[in-house]
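Novice: Residue numbers (this note's numbering), protein chains in the order written: chain A, 1 to 254; chain B, 1 to 334; chain C, 1 to 248.
Honestly, the hints are just simulated from the structure, not real lab data. From a predicted model like this one, the values you see are computed outputs, not experimental measurements. Among these hints, one or two may not hold up.
Stated by the list, open to error - Calculated lysine to aspartate or glutamate pairs in the EDC-like style (CA-CA distance at most 20 Å, straight line): (1) C/K96 - B/E189; (2) C/K96 - B/E312; (3) C/K96 - B/D30; (4) C/K96 - B/E308; (5) A/K157 - A/D206; (6) C/K114 - C/E125; (7) A/K157 - A/E22; (8) A/K157 - A/D137; (9) A/K216 - A/D206; (10) A/K216 - A/E22; (11) C/K96 - B/D301; (12) A/K157 - A/D28; (13) A/K157 - A/D18; (14) A/K231 - C/D140; (15) A/K216 - A/D18; (16) A/K231 - A/E211; (17) C/K35 - C/D193; (18) C/K122 - C/D140.
Each chain, letter by letter, is given below.
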Amino acid sequence: MALLEVRGVSAGYGSGGDILREVNLELDAGGSVCLIGPNGAGKSTLLRVISGGLAPRRGQVFFEGRDVGGLRPDLVFRAGIVTVPQGRNTFPQMTVWENMLMGAYSIRDRAEARRRIDYACSVFPIVGEKRGLHAGDLSAGQQKQVELARALVASPKLLLLDEPTLGLEPRLGRMVMDKARSLNADGITILLVEQNARMGLAAAQDGMVMELGQIKLRGAGDWLLRDPEVKRLYLGEDLSASPLVPAGRPITSR
Amino acid sequence: MRLIRRWGPWLLLVICLALPVLVKQPAWLDMLQFTFMYAAMSVGWDIMGGYAGYPSIGHVGFFGMSSYVAGLLLVHFGVNIFASALLVGLFGSLVGAGLGFISLRTRGPAFLIVTLVFALTVQMLAENLNALTGGTSGLYLPLLDLPPDVVILPFYYAMLALTVLAVATSTFIRASRFGLGLLAIREDEGKAEGSGINTALYKILAFAVSVFFASVAGALHAQYLNYVDPDLAFEFIIGLNMVVMALVGSRATPWGGVLGAVIMFPISQLLVYTLPDKFSGQVPLVELGILLILIPMFLPDGIIKSLERWAERRRRRPRVPSTDTFAPAPVGAP
Amino acid sequence: MSTAAGRPLSVRNVAKTFGGVRALTDCSLDISCGKISALIGPNGSGKTTLFNCITGFYVPDSGSIRYGETALGGRLPNQIVHLGIARTFQVTRIFKRMTVLENMVVPVRQSNWKSLFSAAIKGHERERAEGLLDFVGLADYWSMQAGNLSFGQQKLLELAAALMSEPDLLLLDEPAGGLNPIMIDRLTGYIRDLNAQGVTFLLVEHNMGFVMRLAHSIAVMHRGEVIAQGEPEAIRSDPKVLDAYLGD
Numbered sequence: 001m002a003l004l005e006v007r008g009v010s011a012g013y014g015s016g017g018d019i020l021r022e023v024n025l026e027l028d029a030g031g032s033v034c035l036i037g038p039n040g041a042g043k044s045t046l047l048r049v050i051s052g053g054l055a056p057r058r059g060q061v062f063f064e065g066r067d068v069g070g071l072r073p074d075l076v077f078r079a080g081i082v083t084v085p086q087g088r089n090t091f092p093q094m095t096v097w098e099n100m101l102m103g104a105y106s107i108r109d110r111a112e113a114r115r116r117i118d119y120a121c122s123v124f125p126i127v128g129e130k131r132g133l134h135a136g137d138l139s140a141g142q143q144k145q146v147e148l149a150r151a152l153v154a155s156p157k158l159l160l161l162d163e164p165t166l167g168l169e170p171r172l173g174r175m176v177m178d179k180a181r182s183l184n185a186d187g188i189t190i191l192l193v194e195q196n197a198r199m200g201l202a203a204a205q206d207g208m209v210m211e212l213g214q215i216k217l218r219g220a221g222d223w224l225l226r227d228p229e230v231k232r233l234y235l236g237e238d239l240s241a242s243p244l245v246p247a248g249r250p251i252t253s254r
Numbered sequence: 001m002r003l004i005r006r007w008g009p010w011l012l013l014v015i016c017l018a019l020p021v022l023v024k025q026p027a028w029l030d031m032l033q034f035t036f037m038y039a040a041m042s043v044g045w046d047i048m049g050g051y052a053g054y055p056s057i058g059h060v061g062f063f064g065m066s067s068y069v070a071g072l073l074l075v076h077f078g079v080n081i082f083a084s085a086l087l088v089g090l091f092g093s094l095v096g097a098g099l100g101f102i103s104l105r106t107r108g109p110a111f112l113i114v115t116l117v118f119a120l121t122v123q124m125l126a127e128n129l130n131a132l133t134g135g136t137s138g139l140y141l142p143l144l145d146l147p148p149d150v151v152i153l154p155f156y157y158a159m160l161a162l163t164v165l166a167v168a169t170s171t172f173i174r175a176s177r178f179g180l181g182l183l184a185i186r187e188d189e190g191k192a193e194g195s196g197i198n199t200a201l202y203k204i205l206a207f208a209v210s211v212f213f214a215s216v217a218g219a220l221h222a223q224y225l226n227y228v229d230p231d232l233a234f235e236f237i238i239g240l241n242m243v244v245m246a247l248v249g250s251r252a253t254p255w256g257g258v259l260g261a262v263i264m265f266p267i268s269q270l271l272v273y274t275l276p277d278k279f280s281g282q283v284p285l286v287e288l289g290i291l292l293i294l295i296p297m298f299l300p301d302g303i304i305k306s307l308e309r310w311a312e313r314r315r316r317r318p319r320v321p322s323t324d325t326f327a328p329a330p331v332g333a334p
Numbered sequence: 001m002s003t004a005a006g007r008p009l010s011v012r013n014v015a016k017t018f019g020g021v022r023a024l025t026d027c028s029l030d031i032s033c034g035k036i037s038a039l040i041g042p043n044g045s046g047k048t049t050l051f052n053c054i055t056g057f058y059v060p061d062s063g064s065i066r067y068g069e070t071a072l073g074g075r076l077p078n079q080i081v082h083l084g085i086a087r088t089f090q091v092t093r094i095f096k097r098m099t100v101l102e103n104m105v106v107p108v109r110q111s112n113w114k115s116l117f118s119a120a121i122k123g124h125e126r127e128r129a130e131g132l133l134d135f136v137g138l139a140d141y142w143s144m145q146a147g148n149l150s151f152g153q154q155k156l157l158e159l160a161a162a163l164m165s166e167p168d169l170l171l172l173d174e175p176a177g178g179l180n181p182i183m184i185d186r187l188t189g190y191i192r193d194l195n196a197q198g199v200t201f202l203l204v205e206h207n208m209g210f211v212m213r214l215a216h217s218i219a220v221m222h223r224g225e226v227i228a229q230g231e232p233e234a235i236r237s238d239p240k241v242l243d244a245y246l247g248d
């Protein structure tokens, strides 16, 4: 049984039309998928439906066999689906440490909570370094690391990452992707959306191309990276061979 | 629908102008006069609270202050209030500009508190500057020299004129660069600053215009009562009504306050007259309380905006699927 | 679009601390007029803080920022716009409940009281707005509520609106962030076209491919100061830069 199964999901906002049109998706435990595609294709919307932020108009979302479509976001969270949304989502008036405590909000056992927070800090050292500062005073990239660390505290079974490298310097972007890959190797299933398509497809096992609310293509990450049509339509110029870029650097173009 | 938009207001105006000829009972005209007063104040309030997004709970401070200023001008200098009302209104605007300047650094809740403090302070001044204002005993104003069945007319027409002026001002602002700037301030003040808008100037101007109508109303109301005293002039429910009427009608619309006043005031009057005496005193407050529960729950955007949204849903425009590939984007429905 | 009205921007020894964070320590930078300059550096090196100081959102604790002869420090953001400097934000900021056209018209520079009370959207302004919307491919969306545009479209709207105030210097904070590769190619073209018409650019970006393609000059920031500034060739092989940012 797949860990996550999205069956015929259509969804949209308010009184607008459908953004997702009968999307079908299966993700096995331990897998990782990167969603790429044009802006407006519905990638973030799909993540939102899975995490409970948006109820599907039609279709179901199954997680570990349970129908979670339309479930309240906090219940989806407790089921083991943790989201790191796009953009800045720290609590800016709280300190970094308090943000981490928020990640541990639903953990009853304080010792366990402490352990999880320490673990998250070991993966993202900057959290420990800046623990006393207000999260809103950190730069965008530093805040993103805090958010990722906070997500880890909750021991997710499925981690949804919406544009994790947005705003991050290339080094940190690579680090985040490496962490995502190693978290996946440790057993956390990952579904990520990345505009930095090359980086995303290289980090995930599988890739999926979304356009106009539907999944158009699915395949192994490196296969999609090499497919000429995919390259032409979604990946843009490959600048890793450009002489302008420092040598010995697998530069990813967005 | 378009015809109604274009000619409706003029028809309404003609009806209101002609009404006193058709309806002779002073009680009806009296009720309408109050409805107009509240409509004007509410529309004025909305210029700051709706367009600029800075709600104030202190407009009653300007109402009361102007009651005193007009009253004192009448008592000490014999200036007829109908003659001085507009000037008193401008004086109120001046004070409003000053208050706006003082509160430039405040946002949202802090601004609200500043306006509240202003109203309470002016009320305290009125209570304590005995020699000037007569303190808690109040100020008695000379009666108008008119027969009882006609005396309501100048108030009726003055308040009607004030309402027309308020709606015209609000409509004008909405269509102007100034109004666009106010909306931008409401949406994202920092971005508005970064787009070149002098937000300080805009906010001060908006607040000054906004309190003008409450000030003129206060001046006229003093003459209506022939009496000014701190409790009546600064009655908090006046300020609350202004706000709730704008909320009921819809904020940031020229007609929102009018709709709110037309709905709320006549109903409260009706209840006051039909309910037994021991209940009737509480009617305004109870009505306000009920609306403050119902509106956020069922019509958080007010009536006008909710109707607009409902009409749009009936036309059912689906969201244009927009993508950012280099293929030409599909043309949108609007 | 103005042509020769640009002036050089010079930042000298600017420092800025807030909330316990020393965002800028001793920042100095020169932006020549008519060129595309890029500002790169690790997260937290102070790039957006510098932008905020230049555009009046922050007041520097010390140091000076001059645009030609005019000192910028201490001026309000709206005054900076009137001097000919416009900006976009790291996280796209547009007026979501206004239409696209209204968003475009807000930044028009107005010079006197009369214009304050004139119609919100006048003929010639509307034409300019439509021209700019056409330039970024959003012409058909003029009456749409800006919040309903997609992420990439909102970014383009923010850029087009910034152009409405006819800036000589345009500060773009991560203009390519979150855009898919195809859109980035489009954006590169827009920036080149505008630069050819005389607009000076200062971009903050992490996308090195994008930067290397576009920039005439690159400044590198690290821990609140500029550690290197020069042509792309020189920067990419500068050991300080590799150490701080480009290397592993």
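Novice: Which hint numbers does the structure go against, in order from smallest to largest?
Specialist: 3, 7, 8, 13, 14
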